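Asker: Sequence:
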Amino acid sequence: MTKQPLIIDCLQYSNWSENVFRQMNEGKVAAVHVTICYHEDFRETVENVVAWNRRFERYSDLIIPGRSADDVLRAHAEGKTAIVFGFQNCSPIEDDIGLVEVCHQLGARFMQLSYNNQSLLATGCFEADDPGITRMGRQVIHEMNRVGLVIDMSHSAERSTLEAIEISERPIAITHANPASWHPALRNKSETVLKALAESGGMLGFSLYPHHLNEGSRCTLEDFCTMIARTAEVMGMEQIGFGSDLCQNQPDTVVAWMRNGTWTRDTDFGEGSADASGFPDQPTWFRDNRDFKGIQAGMRAVGFSNTDIAKIGGGNWLSFFERSFSGEEAA
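Residue numbers (my numbering): 1495 to 1825.
By construction, these hints were calculated from the structure, which means they are not laboratory data.
Check before you lean on any hint, since a few could be wrong.
Unchecked claim - FRET-style restraints, in silico, Cβ to Cβ: (1) THR1801 - SER1675: 22 to 30 Å; (2) GLY1695 - SER1799: 18 to 26 Å; (3) SER1511 - GLU1572: 39 to 47 Å; (4) THR1747 - GLU1709: 36 to 44 Å.
What the hints assert, rightly or not - With a straight-line Cα cutoff of 20 Å, these simulated EDC-like cross-link-like pairs (lysine to aspartate or glutamate) come out: (5) LYS1787 - GLU1765; (6) LYS1689 - GLU1732; (7) LYS1522 - ASP1565; (8) LYS1689 - GLU1660; (9) LYS1522 - GLU1572; (10) LYS1522 - ASP1785; (11) LYS1689 - GLU1727.
Predicted, not measured: the structure shown is a model, and the values here were computed from it.
Note that beta-carbon positions come from the ideal geometry of N, C-alpha and C, so glycine has one too.
Input sequences plus hints: build the corresponding full structure.
Answerer: This is the structure:
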């Protein structure tokens, strides 16, 4: 059994392969929250679950399904990586609240209430107006609380996010974003949101996607780690972790699909532009799962203790999983 502190990354959408899984193991990453839906409906999402079941069978020496904190601990002990399913949109439940429980039964543990645009549940961060959580959204939040499906507001607008925190009886997550005070991207979060999230017991995962970083691809490790330290002062040491938003080896056609789906005839460039429409280059110090050790060294250099590095590196997410992934009766 390994005695090293575990690492958890609470958001990736890489081009999955044996090489990526081996890098997870080499990087001692005990769990990764993987996106299995952006715009897919229920049937299409089930097909993605089937594809993952085949990966679990083919690469059983590298990855296991991650449905509980115990699965993460087992993966860590065995030198493997637990794969936790999540949705970046609410499209898999369509307009049927009964599918919330079914999705949890299929292994989903996170679901965003919106992805950039207005949804049936909440407002996305790219909309001009944010009327907040919808009538259906309130009901779905309660159902997600009941079954143990974590509410994720990473791509949602401010009012909707604050209302989700208030309505939810269980702590929510913002799995992949950074403070807007550090870098004012639409996807990053205000101090008002971060404080409300922390006060409710929720979790923030720090994003390493260049559009969310100060100076983008040129962001330095020191600047990133200093931002973590400042955020810890605002939120506390127990409410923060990593959600890298790593899209390793994905072709640019994938980011175009993420942004556009089938909802527009025009081309939406999201956080990019017509001149830079593809995936931005990752910072040189974070290209794959083996690079978390470098971030830990950077955190140590700006004054974090080994205990705090272990918490932020994975311990905080593990505790959150323990509290969040089971139904209300079990919790």
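Asker: Could you run down the list of hints and mark each one as holding or not?
Answerer: Structure-based check of all given hints:
Judged by the Cβ atoms, the range 22 to 30 Å given for THR1801 and SER1675 holds: they are separated by roughly 26 Å. Between GLY1695 and SER1799 the Cβ separation comes to about 23 Å, which falls inside the hinted range of 18 to 26 Å. Between SER1511 and GLU1572 the beta carbon distance is about 20 Å. The supplied range of 39 to 47 Å is therefore violated. Range check, THR1747 to GLU1709: about 27 Å between beta-carbon atoms, so the 36 to 44 Å window is missed.
For the hint pairing LYS1787 with GLU1765, the CA-to-CA distance comes to about 28 Å; that exceeds 20 Å, so the pair is violated. Distance restraint check for LYS1689 and GLU1732: the Cα-Cα separation of roughly 13 Å lies within the 20 Å cut-off, and the hinted pair is therefore satisfied. This hinted pair checks out: LYS1522 and ASP1565 have alpha carbons roughly 15 Å apart, not beyond 20 Å. Taking the CA atoms of LYS1689 and GLU1660, the gap is near 12 Å; set against the 20 Å cutoff, the hint holds.
Taking the CA atoms of LYS1522 and GLU1572, the gap is about 10 Å. The hint holds against a cut of 20 Å. Distance restraint check for LYS1522 and ASP1785: the Cα-Cα separation of roughly 10 Å lies within the 20 Å cut-off, and the hinted pair is therefore satisfied. For the hint pairing LYS1689 with GLU1727, the CA-to-CA distance comes to about 10 Å; that is within 20 Å, so the pair holds.
When each numbered hint is compared with the structure, violations occur for hints 3, 4 and 5.
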